[in-house]
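Asks: Given next are the chains, with one letter for each unit.
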Amino acid sequence: MQYQSQKVAMPYFIAAIGLFTGQILFGLIMGLQYVMGDFLFPAIPFNVARMVHTNLLIVWLLFGFMGAAYYMIPEETESELFSPKLAWLMFWIFLVAGALTIVGYLLVPYAGLAKMTFNDLWPTMGREFLEQPLPTKLGIVVVALAFLFNISMTILKGRKTSIALVLLMGLWGLAVFFLFSFYNPSNLVLDKYFWWWTVHLWVEGVWELILGSLLAFVLIKVTGVDREIIEKWLYIIVAMTLITGIIGTGHHYYWIGTPEYWQWFGSVFSALEPIPFFMMTVFAFTMVNRRRREHPNKAATLWALGTGVMSFLGAGVWGFLHTLAPVNFYTHGTQITAAHGHMAFYGAYVMVVLTIISYAMPVMRGRAANSEKAQVMEMWSFWLMTVAIVFITLFLTAAGILQVWLQRVSDTPMGFMAAQDQVTLFYWLREISGVIFLIGLITYIASFFVGGETKEAA
Amino acid sequence: MSQAFTKSMARNIFFGGSAFFFLLLVALTFDTMQVLPKRDHRENITPAVERGKMVWEKNDCIGCHTLLGEGAYFAPELGNVYKRRGGEFVKAWIKSQPTKVPGRRQMPQFNLTDQELDDMVAFLKWTGEINTSKWPPNIEG
Chain A
1 MQYQSQKVAM
11 PYFIAAIGLF
21 TGQILFGLIM
31 GLQYVMGDFL
41 FPAIPFNVAR
51 MVHTNLLIVW
61 LLFGFMGAAY
71 YMIPEETESE
81 LFSPKLAWLM
91 FWIFLVAGAL
101 TIVGYLLVPY
111 AGLAKMTFND
121 LWPTMGREFL
131 EQPLPTKLGI
141 VVVALAFLFN
151 ISMTILKGRK
161 TSIALVLLMG
171 LWGLAVFFLF
181 SFYNPSNLVL
191 DKYFWWWTVH
201 LWVEGVWELI
211 LGSLLAFVLI
221 KVTGVDREII
231 EKWLYIIVAM
241 TLITGIIGTG
251 HHYYWIGTPE
261 YWQWFGSVFS
271 ALEPIPFFMM
281 TVFAFTMVNR
291 RRREHPNKAA
301 TLWALGTGVM
311 SFLGAGVWGF
321 LHTLAPVNFY
331 THGTQITAAH
341 GHMAFYGAYV
351 MVVLTIISYA
361 MPVMRGRAAN
371 SEKAQVMEMW
381 SFWLMTVAIV
391 FITLFLTAAG
401 ILQVWLQRVS
411 DTPMGFMAAQ
421 DQVTLFYWLR
431 EISGVIFLIG
441 LITYIASFFV
451 GGETKEAA
Chain B
1001 MSQAFTKSMA
1011 RNIFFGGSAF
1021 FFLLLVALTF
1031 DTMQVLPKRD
1041 HRENITPAVE
1051 RGKMVWEKND
1061 CIGCHTLLGE
1071 GAYFAPELGN
1081 VYKRRGGEFV
1091 KAWIKSQPTK
1101 VPGRRQMPQF
1111 NLTDQELDDM
1121 VAFLKWTGEI
1131 NTSKWPPNIE
1141 G
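Sequence order for the protein chains is A and B.
Every letter in the first sequence is one number past the one before it in this note's numbering, and letter 385, counting from 1, is 385.
Every letter in the second sequence is one number past the one before it in this note's numbering, and letter 119, counting from 1, is 1119.
Here chain B stands alone, though its shape is the one from the complex:
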């Protein structure tokens, strides 16, 4: 790099640039927080949805599945599973695991109670209603 461009100029770009763009992130975050209620439909977060999220987390579902495309890529996307399969199927599926089909990927038996199964379905139903800008491309997730 040329001699005219000094280390202190480089340092000023670093401090100034970082500070500016971090403040921009904060500003955009502030705006996002204003817009989100219309997109996440938080008025529909019932106690069942809240408990369902806890069931989701306590069993580390994200360790195999994706949820809105984030997580592990070992098992199907579940952000739209309520639309794809329906609540009854989801409950029956969780209850019937593992399939024990030789060589097939296996899901553990989590021994969820009926209440926990209902909560999980409520959580997945609410998740499916978030405005995700038309993602995923089709129902297969």
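Same shape as in the complex, but just chain A:
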């Protein structure tokens, strides 16, 4: 570790992995509720489990992004972090606010939680992914601003690299587009239209800038390829991301009351959205092939390559599968969407956070890489989780195709619940894959506790 203040990333990464575990446990509960409808009812109704599952995902990825920034920025700028104390303070505020929110979801009926947290004064709750009570939303803004202040000040006083710049733009974009979560008009169409300015412009926009810069950073470290080449790739990838992704927002504007020209804009631009993801795959493999050093951390390299491949499959291919308007007319709001969501989030954001953790954690623990034994275990967890998510996606896709056929294409369409009963087998298979995923995650956590011989950090 070149700079002492980088170490503040460690609690962020540990919290991220802890919340990730919670997310998976609630995912398994929901998966079981798909086939055993009354499981844990009424203690944990499906909607509560889903809120916990998706909100934990968002929060742990944010912990991962912030930890990554705290680790990367001192090294990129060649200067200590502006204020490690502020970073520690924000860590605790974010963790406590996050934990209180989750406890609130689980212990208080949602309507009661809305009342307790003054939702009537400024209603923002009860919209998918933005279910957080008003105080939590405000807390997110405060933490994000303090974090951005800290990062921006560090960059201002130090070396300004392209990786740092792209990361900073991604993080500022994240904060700015979150502000749309405070806009909740009573007209549902307007509500939905601008809801996507947070949701889509995050995951298919500014988050990809963060993704690209994290990947570029790790690739420089593990391959030793010239920074000029890596940063040129980074710029081209994020350029293609925003050129296709911004108007690609239109693929959400087909059936929510918006004008029909969005079917053309959305279809054409989102059909191009796989391009930056494909470039990301080519980028990762090309850089590793042209490596100028043999970095002892093989696990981190594997995660980096995996991010390229899985983000292309999950976000690129599975996104394209249902993004054209004539196809989406039938698939909109079915298990096809769920299939895409699972592989895209895992392949792009989960994997890139695990990539940076895999690279940075050993360094923060005073070694260039973990022992051979620990790395083998980490690579096992890579394959278990990745193969499990592939199967979850395949089974949900199968369920989705059947659902679309039975409920929407057939001449004698079935009702929703009748169609669901027909695809139970695939929900069971999905749940089994989910258990494999959990085993992979436990293996991953265990790999941190495996000792063995390690080399001192350079």
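Don't read these hints as lab results, they were simulated from the structure.
Among the hints, a few may not be true.
Said to hold, decoys possible - Here are the simulated DSS-like cross-link-like pairs (lysine-lysine), alpha carbons at most 27 Å apart as the crow flies:
id, chain 1, residue 1, chain 2, residue 2
1, A, Lys232, B, Lys1007
2, A, Lys160, B, Lys1007
3, A, Lys221, B, Lys1007
4, B, Lys1091, A, Lys115
5, B, Lys1125, A, Lys115
6, A, Lys115, B, Lys1095
7, A, Lys7, A, Lys455
8, A, Lys298, A, Lys232
9, A, Lys160, A, Lys85
10, A, Lys157, B, Lys1007
Keep in mind the model is a prediction, meaning the values are calculated, not measured.
Following the hints, position chain B against chain A.
Replies: Just chain B, lined up with the frame of chain A:
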């Protein structure tokens, strides 16, 4: 990538491309806002519809159901439920939950007042009248 293509060219494409397409999104949004009143029939958003949306949000209905195809995929689409089932059925259904049929997916009892039930139905009725370009494909949603 070839040597002739430099990092600063790549950076310019990034800044120029992003700025251009973001401005295009803003322009298209501006146009959409002009067209929307004819498609969302906002003149029919009564206070009951507004309150109904609040009831919808305060009980996190989107956590199980889809509304115009967005939400969770655990329970039926409700954007067209007013057309599919009618208002009285919707109210009776909400009041009679949970079904407690063993093994079947369960909907919680939300203890809505009669006023809240009426507001919810008003909201769902208005939602069903939005011009959604003929989506969903059939009445089953």
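Asks: Compare the structure with each hint and give your call.
Replies: How the hints compare with the structure:
no., hint, in the structure
1, A/Lys232 x B/Lys1007, "holds (5 Å)"
2, A/Lys160 x B/Lys1007, "holds (15 Å)"
3, A/Lys221 x B/Lys1007, "holds (19 Å)"
4, B/Lys1091 x A/Lys115, "holds (23 Å)"
5, B/Lys1125 x A/Lys115, "holds (26 Å)"
6, A/Lys115 x B/Lys1095, "holds (21 Å)"
7, A/Lys7 x A/Lys455, "holds (19 Å)"
8, A/Lys298 x A/Lys232, "holds (25 Å)"
9, A/Lys160 x A/Lys85, "holds (23 Å)"
10, A/Lys157 x B/Lys1007, "holds (23 Å)"
Hint check: no violations occur; every hint is consistent with the structure.
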